[in-house]
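Novice: Same order as they appear, the protein sequences are chains A and B.
Just so it is clear: in the first sequence, position 34 is 34 by the working numbering, and no numbers are missing.
Just so it is clear: in the second sequence, position 302 is 713 by the working numbering, and no numbers are missing.
Don't take every hint at face value.
To be verified - Chain A is faced by these chain B residues, among others (derived, beta-carbon under 8 Å):
1. Arg681
2. Glu688
3. Met756
4. Asp782
5. Asn786
Unchecked claim - Derived Cβ-Cβ restraints for the label pairs, each shown as a range:
6. B:Lys573 <-> A:Glu136: 21 to 29 Å
7. B:Arg476 <-> A:Ser352: 26 to 34 Å
8. B:Gly623 <-> A:Asp314: 26 to 34 Å
9. A:Gln329 <-> B:Gly434: 29 to 37 Å
Think of the hints as simulated: they come from the structure by calculation, not from any bench.
Beta carbons are placed, not taken as given, at the ideal position from N, Cα and C, and that holds for glycine.
There are 2 protein chains.
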Amino acid sequence: MSDRYFQHTFPNGLTLLAEKMAGVQSAAMTLLVNAGVSTDPVDRCGSATVLSDLVLRGAGARDSRQLTDYLDSLGLQRSSSAGVHHSRFGCAALATKVMTGLATYADIVRRPHLPEAGFDAARDLALQGLAGLDDEPRQKLLIKLREWHFPSPYGRNTMGRKEDLEKLTIDLMKVDHTDRYQPHGAILAVAGNIDFATLKSEVEKYFGDWSGRPTEPVKVMPPPGRTHHEDQQSEQTHIGLAYPSIPETSDDYYVVRMATEVLSGGMSGRLFTEIREKRALVYSVWAGYTALKDQGSIMAYAGTSNDRAQATLDCLLSEIHRLSDGVTQPELDRAKIGLKASTIMQGESTSSRCGSIAHDFFVRGRIRTLDEIKNAIDAVTLDRVNDFLKKHLPGNFTIVTVGPKPLNLPT
Amino acid sequence: MSDRYFQHTFPNGLTLLAEKMAGVQSAAMTLLVNAGVSTDPVDRCGSATVLSDLVLRGAGARDSRQLTDYLDSLGLQRSSSAGVHHSRFGCAALATKVMTGLATYADIVRRPHLPEAGFDAARDLALQGLAGLDDEPRQKLLIKLREWHFPSPYGRNTMGRKEDLEKLTIDLMKVDHTDRYQPHGAILAVAGNIDFATLKSEVEKYFGDWSGRPTEPVKVMPPPGRTHHEDQQSEQTHIGLAYPSIPETSDDYYVVRMATEVLSGGMSGRLFTEIREKRALVYSVWAGYTALKDQGSIMAYAGTSNDRAQATLDCLLSEIHRLSDGVTQPELDRAKIGLKASTIMQGESTSSRCGSIAHDFFVRGRIRTLDEIKNAIDAVTLDRVNDFLKKHLPGNFTIVTVGPKPLNLPT
């Protein structure tokens with residue numbers, strides 16, 4: 001670990017990660033607590049979502065309005081969301097202001113007011129978000145694809161479920177906050193113009209005496225099936241496809257990433273050139289590697305007009321299968337250069353880096369340095385990629401469509 | 412102009428802008444040519460859109476596939492689009508690779524092959540993009556709002572018009588390329604880890620002997636009306652609203668920006684707190700300042716369920732009118748801090764900076780330094796804001812809705 005990185009786990013189980021970046025005045029922070037949709041209680045899917053809104057409606061000495069005004073008065077550009085594994089609170093601003101804001105983020109996760117009036121509004125907004133999906137068929141498709149591909153509760157919609165949201169009460173939210181907003185396993189990552197010693201002592205001051213361990217009432221169940229069609233009257237059909245791959249911690253991780261880049265990285269990616277540029281079958285098509293903590297997958301999407309939908313699905317599957325025949329040296333070279341370029345670009349963004357080191361720690365238990373990533377990319381050879389592709393044939397597909405009629409699926 | 416900025420206009424009318432950024436390895440480039448949808452010939456709306464795709468399908472010594480492969484082999488993360496005033500070509504990567512790519516971007520704008528086969532695919536994709544809008548009612552609303560608010564041709568949909576796209580031919584594209592891809596008025600901006608002298612000599616080498624002046628066959632016409640309802644069967648109603656403001660070059664520019672921040676900046680913005688957080692009327696609501704070269708506007712959007720749509724529109728209008736009563740000192744302070752924080756964050760991104768200096772030159776004829784922006788923000792006082800708001804009452808609204816039924820509009 002060079003002077004650039006810092007990692008420390010406090011006795012209460014909270015891990016602080018930091019990255020010092022040259023030439024920036026800003027800093028960005030990400031705080032992950034173990035309240036994701038996958039740990040929502042069985043019949044309360046969406047609890048984490050509502051909670052991640054509700055904790056911001058007053059905390060510590062400040063009511064809802066005062067809290068919002070105060071954080072805006074620091075110039076913090078903020079975001080918050082509930083994901084599969086965590087609820088995430090993020091901010092970015094001048095580094096000194098991010099440091100000042102730490103005390104208030106401690107209030108938010110440790111001492112939220114959870115007001116009853118705020119609860120009604122927060123749940124209403126969650127229900128409206130769900131209802132709005134009817135106007136977003138592409139987003140709906142990607143949500144359905146996760147539901148049908150990943151085992152439950154990992155495939156749950158992070159926006160929650162209507163029936164469950166309707167069952168929530170402010171008292172249930174309070175119990176849920178106590179159960180899951182706990183330091184053990186939580187991650188606080190900061191990247192930018194920071195001093196490690198100061199950061200550590202500030203975090204210790206505000207989070208050090210927090211204590212507890214989240215409950216994890218998760219029972220894993222297989223997804224409902226492998227294929228699904230969602231009827232939607234439209235001129236467009238949206239197609240989603242997924243198949244299992246290796247986990248992110250595998251030694252072959254960059255081998256798979258590189259193969260996926262050949263399929264869909266840059267503009268010379270096969271899906272883009274074959275399906276979009278040459279055949280003009282689709283306006284949008286992509287494939288990418290995506291992972292839960294222990295499970296990797298390749299997911300692909302195409303959106304097209306109804307009359308082109310069957311040809312698009314056939315072509316998409318055909319390109320995925322063709323990958324098993326191997327990639328060429330020039331394709332691999334481009335994939336490497338593309339991935340390294342995007343690593344360099346992300347290395348210059350405080351928000352991107354604090355998100356990356358937090359993710360690294362969650363998946364791998366440690367920060368990967370930018371040099372380590374660069375070396376891992378360099379170490380991928382053509383033989384390794386083609387050997388891997390030959391041994392790991394794509395299969396066991398999940399296929400989901402949203403549109404006016406189902407397509408013919410491969411048997 | 413400090414050591415950080417560089418500006419030079421070549422004899423052919425191409426302007427080179429550059430910003431040197433400390434602590435980065437990357438650079439980003441933006442190239443603007445005067446082929447925007449507003450200069451599309453009268454009955455060929457969408458010509459710039461198809462052309463911005465077609466010029467990438469082979470240029471100089473490389474055919475379509477070779478060109479794509481080559482640019483990917485430099486690791487260039489690329490984007491291109493047709494806007495109102497320009498077609499824009501952008502890339503970002505390691506600074507040395509961006510420098511290497513300059514020669515190829517000269518091929519693209521000066522010596523594209525414009526192949527007939529590529530034309531069919533490029534036009535098909537443009538038509539598909541348009542058809543896909545039916546599944547994107549929010550995007551459709553924002554397009555319709557511009558059409559009904561700005562004078563034609565400035566309000567044209569940058570994706571083109573179906574009837575016009577169908578009339579295009581490869582021969583018309585060739586004529587259009589000759590007419591509009593010209594150096595006079597074009598802007599090339601680079602930000603990042605660069606050396607001004609080297610950059611200038613490279614640009615001179617590849618673009619210096621380019622010559623010509625684009626034709627601008629624009630006849631300005633008023634928009635078709637002030638209110639419009641687009642019928643779409645859905646559970647959601649999308650509401651767009653716009654009214655005239657001062658141009659970006661006005662001394663009061665930051666006065667208006669600050670007032671708009673009070674309305675809709677950060678999370679303490681009035682629209683967010685009143686309409687979303689307190690009343691939970693909408694999932695998404697915002698307002699912002701937007702400008703063509705000579706004309707500024709305030710635009711606002713809200714998306715909500717049909718049963719809340721009328722209340723949302725009424726509430727949105729009421730908050731906009733309430734702004735005329737003035738803002739408070741704490742509101743102004745937060746607005747200033749928020750705008751300065753986002754200026755600092757953008758100042759650390761090469762892509763953001765090269766886009767900003769190109770925009771500055773187009774609108775103002777010169778680069779604004781980050782210090783100049785910061786000072787202009789600081790110079791805004793509460794009296795100036797409230798005096799401005801009293802003298803410039805909102806009115807002459809354009810109101811557009813997309814949903815199952817029209818709303819009651821103010822008379």
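Novice: Going through the earlier hints one by one, which of them does the structure break, listed in rising order?
Specialist: Per hint list: 1, 4, 5, 8 violated.
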